[in-house]
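Trainee: Listed below are the residues making up each chain.
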Amino acid sequence: GENVEQHPSTLSVQEGDSAVIKCTYSDSASNYFPWYKQELGKRPQLIIDIRSNVGEKKDQRIAVTLNKTAKHFSLHITETQPEDSAVYFCAASQPTGANNLFFGTGTRLTVIP
Amino acid sequence: GAVVSQHPSWVICKSGTSVKIECRSLDFQATTMFWYRQFPKQSLMLMATSNEGSKATYEQGVEKDKFLINHASLTLSTLTVTSAHPEDSSFYICSTKRQLNTEAFFGQGTRLTVV
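Heads up: the protein sequence lines correspond to chains A and B, in order.
With the first sequence counted from 1, adding 280 to any position gets you the numbering used here.
With the second sequence counted from 1, adding 103 to any position gets you the numbering used here.
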């Protein structure tokens with residue numbers, strides 16, 4: 281099955297700085313890569329996603345890059361704000377089978393005011 | 104966007120009792136629902152995939168007799184934790200998708216505490 285690894289597990293940045301979270305996946309059949317933000321005790325919320333036919337996608341301060349050859353994808357948050365503090369999960373899924381998401385281990389991002 | 108409603112949001116039960124968690128898809132018919140378990144400060148681990156009108160598919164290591172899943176309609180899936188023990192205390196969360204390989208929508212989650 282798919283194995284998604286995520287680094288770092290914790291990340292602290294000063295407000296206004298950028299944050300980068302990296303994930304790798306093992307199965308080349310995976311072709312959909314979402315990123316979720318989860319605040320304490322709440323449901324994960326999709327913040328951005330990318331498909332394997334695209335190398336980069338941007339939405340305001342958030343961007344995701346995908347390198348299919350290397351099987352890794354990254355989340356970039358620019359101009360970080362305290363409200364960006366949360367746990368971020370990357371995930372991967374495949375177009376066949378049960379189509380469930382395989383999640384990374386999560387990154388706890390703290391933005392220091 | 105789609106809305107997935109999960110109830111209860113939290114529950115405390117005694118050891119040995121059973122607890123039922125409901126997951127409803129409010130905006131669309133969900134053929135498949137996913138049940139996850141999340142321990143504190145850890146990732147979401149898939150427990151089982153619930154399929155409407157058929158048996159659920161359980162991940163390796165998940166006891167199907169302990170975690171009973173029923174998906175009797177296209178809008179409702181239930182997870183019943185039977186004979187709960189303190190080690191079953193966790194955050195349980197369901198999700199579903201409109202289509203293959205698209206955004207997953209999550210329920211609010213259920214924090215189960217077994218005392």
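Derived by calculation from the structure, the hints in this document are not laboratory data.
Watch out, some of these pointers could steer you wrong.
[Unchecked claim] Using 27 Å as the maximum straight-line C-alpha spacing, the simulated BS3-like pairs for lysine-lysine come out as follows:
| hint | chain 1 | residue 1 | chain 2 | residue 2 |
| --- | --- | --- | --- | --- |
| 1 | B | Lys-117 | A | Lys-322 |
| 2 | B | Lys-169 | A | Lys-348 |
| 3 | B | Lys-123 | A | Lys-351 |
| 4 | B | Lys-117 | B | Lys-144 |
| 5 | A | Lys-302 | B | Lys-169 |
| 6 | B | Lys-169 | A | Lys-317 |
| 7 | A | Lys-317 | B | Lys-144 |
| 8 | B | Lys-144 | B | Lys-158 |
| 9 | B | Lys-169 | A | Lys-351 |
Trainee: Taking the hints in turn, state whether each one holds.
Mentor: Here's how the hints hold up against the structure:
1. Lys-117(B) - Lys-322(A): It holds: about 24 Å lies between the C-alpha atoms, which stays within 27 Å.
2. Lys-169(B) - Lys-348(A): violated, 39 Å
3. Lys-123(B) - Lys-351(A): Not satisfied, since the Cα-Cα distance of roughly 39 Å exceeds 27 Å.
4. Lys-117(B) - Lys-144(B): holds, 24 Å
5. Lys-302(A) - Lys-169(B): This hinted pair is violated, its Cα atoms lying about 36 Å apart.
6. Lys-169(B) - Lys-317(A): The hint is violated at about 30 Å.
7. Lys-317(A) - Lys-144(B): holds, 13 Å
8. Lys-144(B) - Lys-158(B): violated, 31 Å
9. Lys-169(B) - Lys-351(A): violated, 37 Å
Violated hints, in rising order: 2, 3, 5, 6, 8, 9; the structure is consistent with all others.
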